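J.: Residue strings, one per chain:
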Amino acid sequence: GAVVSQHPSRVICKSGTSVKIECRSLDFQATTMFWYRQFPKQSLMLMATSNEGSKATYEQGVEKDKFLINHASLTLSTLTVTSAHPEDSSFYICSASSYRSSYNSPLHFGNGTRLTVT
Amino acid sequence: AQKITQTQPGMFVQEKEAVTLDCTYDTSDQSYGLFWYKQPSSGEMIFLIYQGSYDEQNATEGRYSLNFQKARKSANLVISASQLGDSAMYFCAMSFTGGGNKLTFGTGTQLKVEL
Chain A
1 GAVVSQHPSR
11 VICKSGTSVK
21 IECRSLDFQA
31 TTMFWYRQFP
41 KQSLMLMATS
51 NEGSKATYEQ
61 GVEKDKFLIN
71 HASLTLSTLT
81 VTSAHPEDSS
91 FYICSASSYR
101 SSYNSPLHFG
111 NGTRLTVT
Chain B
119 AQKITQTQPG
129 MFVQEKEAVT
139 LDCTYDTSDQ
149 SYGLFWYKQP
159 SSGEMIFLIY
169 QGSYDEQNAT
179 EGRYSLNFQK
189 ARKSANLVIS
199 ASQLGDSAMY
209 FCAMSFTGGG
219 NKLTFGTGTQ
229 LKVEL
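Top to bottom, those sequences are chains A and B. Once you know that position 58 of the first sequence is 58 in my numbering, the rest is easy, because the numbers rise by one and skip nothing. Once you know that position 18 of the second sequence is 136 in my numbering, the rest is easy, because the numbers rise by one and skip nothing.
Think of the hints as simulated: they come from the structure by calculation, not from any bench. Remember, predicted model here, so these are calculated numbers, not experimental data. Wrong hints could be hidden among the right ones.
A few chain B residues that face chain A, going by a derived Cβ cut-off under 10 Å, partial list only [claimed, not checked]:
| id | residue |
| --- | --- |
| 1 | Ile122 |
| 2 | Gln126 |
| 3 | Met129 |
| 4 | Gln157 |
| 5 | Phe165 |
| 6 | Ser171 |
| 7 | Glu174 |
| 8 | Gln175 |
| 9 | Phe186 |
| 10 | Ala211 |
Positions of the beta carbon are idealized from the N, C-alpha and C atoms, including for glycine.
Pulled out of the complex, with its shape left as it was, chain B reads as follows:
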C-alpha cells in the first residue's frame, strides 16, 4: 500500500520569499509517480508538478521545483518568489504502476502568503 505524509498542516511565508512544503511517502513499488496539486478555496485541483521515480533530475515548472530525495522517500515542493495568489491548500499525491492513474493524497498543507 502507498502512504503519503505531509507533516505541516499550515505554513506562512512572506511575499517574494521561497517556501518548502514537505512530503514523504512510503511504497514498496519501484515505479511510481509523485505529484503536487494546488487547491484554492474555490475547490478546483490544479496540477503543479510531477516527478517520476526513475527521474534523475529534480522536476521544475516555473516557480515550482520538486526536491526529490529517493533514498529518503521525500518529494518536497519548493515555491520560489511567493505571491499572494499562492495562498491555497497544497496536496502531495502518489501513483504507482499497478494503479493506473489512481492517486493517493497526503493530508495537505495550508499555505498563506503574507505581505
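In isolation and in its complexed conformation, chain A is listed as follows:
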C-alpha cells in the first residue's frame, strides 16, 4: 500500500527559531500533498494544499509567510514553521495523493510531527 513518511516525529525548538518538517511519499508519486494541524483532542484542520511544482494554496486564516510549504518534487513536500512561537505548538500531519487519486480515494497520512515551542 501507499506509504507516507513524515520526519521528524517530535521536535522541540526555542521561540523565534524555524523548524522544517518533511513529508515523503515512499512508493508513489505524490502530485498533491495536504498539510493538517491538530490541537490536543481536536479535529484535523487543513492548513494548505500543495501541488508539485506550484505554489501552495492556503486555507483562510493560515499565514502563508509563517507556514512555508515547498513541494519541489513528486516525492517530497516540506512545511517550515518560521519564527516559531509557543502558540505554534501543535501536531502537524501531512497526507499525499497521486494523479490517479480522486475524491473517492482514501488519503494516506504520515505519522505526524509533534512540535513544541519553548
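Given the coordinates of chain A, assemble chain B onto it according to the supplied hints.
T.: Coordinates of chain B only, in the frame set by chain A:
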C-alpha cells in the same frame, strides 16, 4: 461548503460488544465520499472504511461496517466485537468531486473499550 458532525465526544463499550459511532454530514454536492479514520494515541491516521455517495450497498471491511443513510445524511460506523486495541479517536471525514482528495473532518469520537 461541507460540514461533518460527530455528536459523541466520548463513548465506552465493553470488549466483544458492538458499538456505533455517529456521523452526519451536510453538503450540496451529489458526488462525495465518506471516510472513517482511526487515530490511536500515537497520532497516526489509519484509514478504516469508505462509502461513496452513489454506493447502494453499505460498505464493510472486516469488523467495520458503515451504516449509510443518504436521505438522513448519516454515515455511522459500526465496530463489531470490540477489542481493547480499538480504543482510539475516530474521525468521520468527507470529500467531494470539486475538492480532489481534500478531506473535511468531524470533531471526532474518543472510544474506550473496557474489559
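J.: Could you check if phenylalanine 186 (chain B) really has its C-beta closer than 10 Å to a C-beta on chain A?
T.: Violated - the Cβ of phenylalanine 186 (chain B) stays beyond 10 Å from chain A, reaching only about 14 Å at its closest.
J.: With a cut-off of 10 Å on the beta carbons, see whether alanine 211 (chain B) makes it to chain A.
T.: This hint holds: alanine 211 (chain B) lies near chain A, its Cβ roughly 8 Å from the closest one there, short of 10 Å.
J.: Hold the hint about methionine 129 (chain B) up to the distance rule: shortest CB distance to chain A must be less than 10 Å.
T.: 14 Å, violated
J.: So, as I understand it, the hint says serine 171 (chain B) touches chain A; can you test that by seeing if any CB pair is closer than 10 Å?
T.: For serine 171 (chain B), the interface hint holds, since the closest Cβ of chain A sits about 9 Å away, which is under 10 Å.
J.: Have a go at the phenylalanine 165 (chain B) hint: is there a Cβ in chain A nearer than 10 Å to its own Cβ?
T.: 4 Å, holds
J.: Identify whether the interface hint at glutamine 157 (chain B) stands, where standing means a beta carbon of chain A within less than 10 Å of its own.
T.: Interface hint status for glutamine 157 (chain B): holds (9 Å vs cutoff 10 Å).
J.: Have a go at the isoleucine 122 (chain B) hint: is there a Cβ in chain A nearer than 10 Å to its own Cβ?
T.: For isoleucine 122 (chain B), the interface hint holds, since the closest Cβ of chain A sits about 9 Å away, which is under 10 Å.
J.: Report holds or violated for the interface hint on glutamine 175 (chain B), using the least CB-CB distance to chain A and a cut-off of 10 Å.
T.: At about 15 Å, which exceeds the 10 Å cut-off, the nearest Cβ of chain A leaves the hint on glutamine 175 (chain B) violated.
J.: Is the shortest C-beta separation between glutamine 126 (chain B) and chain A less than 10 Å?
T.: 14 Å, violated
J.: Grab the minimum C-beta distance from glutamate 174 (chain B) to chain A and call the hint holds if it beats 10 Å, violated otherwise.
T.: This hint is violated: glutamate 174 (chain B) lies away from chain A, its Cβ roughly 15 Å from the closest one there, beyond 10 Å.
Going through the hint list in order, the structure does not satisfy hints 2, 3, 7, 8 and 9.
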